[in-house]
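First to last, the sequence lines map onto chains A and B. Residue numbering for the first sequence follows my numbering, beginning at 1 and increasing consecutively. Residue numbering for the second sequence follows my numbering, beginning at 1 and increasing consecutively.
A few of these clues could be false.
[What the hints assert, rightly or not] Facing chain B, a subset of chain A residues (Cβ under 7 angstroms, in silico): (1) L53; (2) I81; (3) R84; (4) R85; (5) V95; (6) P98; (7) V111; (8) I181; (9) A228; (10) F250.
Calculated from the structure, these hints are not laboratory results. Remember, predicted model here, so these are calculated numbers, not experimental data. For every residue, glycine included, the Cβ atom is placed at its ideal position computed from N, Cα and C.
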Amino acid sequence: MNKIEIENLTLQYSDGNESLRNVSMGIRENAITVLFGPAGGGKSSLLRCLNRLNDMADVQTAVGRIMLDGENILDPKTDVIALRRKVGMVFARPVVLPLSIRGNLTYGLEVMGESRRSKLDDAVERSLKQAALWDEVKDRLDDQAIALSGGQQQRLCVARSLALEPEVILLDEPTSGLDPISTAKVEASLQELKKDYTIILVPHSVQQAARAADFAAFFLQGELVEYAEGKSIFTTPVNKRTEDYVTGRFG
Amino acid sequence: MKLNRNLSQRLGFGLISLMATLTVIPIIVVVIYIITQGGGAISLQFLSGFPHDGMRQGGIMPAIVGTFYLTLGTAIFSVPLGVAAAIYLAEYAADNWLTRTIRIAIINLSGIPSVVYGLFGLGLFVLFLKFGTSILSASLTLSIMTLPVIISTSEEALRAVPQAFRTVSISLGATRWQTIRRIVLPEALPGIITGVILGLERAAGETAPILFTGAAFFLPRLPNSVFDATMALPYHLFVISTQVPEMPFQIQYGTALVLIAFVLGMNLIATVVRSRARARRQW
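Chain A extracted, bound-state conformation (with noise of 0.2 angstroms):
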């Protein structure tokens, strides 16, 4: 079942630079949907705007919709707070707040108004064990976040998001500043969370998205090329242009 409807979403900003055109896609629930292509193709600005952090930058126009679980995101009425509860989000650079590894975990329920004690060492157990962290810091909880490797921050970062029980992750090149230990540790978690979440990734290569997607999208230039399944996009691509990406001949 589509969790997303992407349909004819045009993303303009204000310098002028159109950043998607005539996006239509499905975005599977319990699934890894990859999108992937060259840099300034689209990709994380699509992202954004499914959890509206694009409302934080100067865009001109977006018109077209975005349906999640039925109603349009894009709606000037949306409560965006509620929407940001329900699609987490991790950044390419793993971004720590400068509080306590717990601290970090529990920020976005404090700030929704949860301040019960059990509920919120609940979610601290919970997340680190989703995102398989819980064992290398269960026992220093109160350490600053950032003395943890970069490796366990982008963790935390995975974990900071499902602390919130969100229904979408986004991941924005969530592995690019991390050793190849790391991030199979990572993608092995995200392989993991798909049972349970919808999860959206901008790899950081192409191998990446060969290895991780359910579903995959190629982005060129603000366009969806080409949008299939991971095993037959990365293998039997159907638009030359996919194909010459995804053979390495450009980008």
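Fit chain B to the given chain A structure using the hints.
Structure of chain B alone, referenced to chain A:
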């Protein structure tokens, strides 16, 4: 050729470090001179007594207390206003003509000579608002003078907090205000405190703004309300240096020493706050 480049580099660095060293010399000389000339005047009686015999004898306690009151009064008005303005400028203000006008105004405010603030305070607070020559009028005048310093340093401190923290906080469902209060402000606080202290320090040492608005030549008692005038260290120093004949110079330098200790003490606090925060900072 290679030798030449290295040589000129060494010459250049040498010259620059010489210049840097030279800048420190005046402050050291001033401090040493004042300590040697005025150190002998410092005693418990000097710090805790009223002046008498036309201020040629006795202590400077009312001036110390007065400067403390004025600094406190200035802080009460200028800190909330200044920090709020900085938050608005750094976090909320759109980049439009209004914001640019406010910024230009702030920059220009800091360039106005302090005696002009004094005259303005006389007109607005003392006469028009009928606060009289008082601690209140003087504190308000000093506040206006201090505001630009507090606003621009606080704004800078807020802007130095990485944008990524804000993005992450928003993406976790926080409102912009929660983001500012829980993440941005705590991170910017050491910088803000430093700016506040630097601003107040200037207020504590100024004579001209309080000249017409709140400073008293001599008072036989301490002020007992904000509508009373008060003695103050910088004005007292001005008075005993220029207005009183046959003034023992030791008392003049003793007063200067106390004023400098007051200001440098605040500076020291600012430095400690800053270096502690730097050691703890993660970005």
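Quick rundown of the hints versus the structure:
{"no.": "1", "hint": "L53", "result": "6 angstroms, holds"}
{"no.": "2", "hint": "I81", "result": "5 angstroms, holds"}
{"no.": "3", "hint": "R84", "result": "4 angstroms, holds"}
{"no.": "4", "hint": "R85", "result": "5 angstroms, holds"}
{"no.": "5", "hint": "V95", "result": "4 angstroms, holds"}
{"no.": "6", "hint": "P98", "result": "5 angstroms, holds"}
{"no.": "7", "hint": "V111", "result": "4 angstroms, holds"}
{"no.": "8", "hint": "I181", "result": "24 angstroms, violated"}
{"no.": "9", "hint": "A228", "result": "29 angstroms, violated"}
{"no.": "10", "hint": "F250", "result": "31 angstroms, violated"}
Consistency with the previously given hints fails for numbers 8, 9, 10, ordered from lowest to highest.
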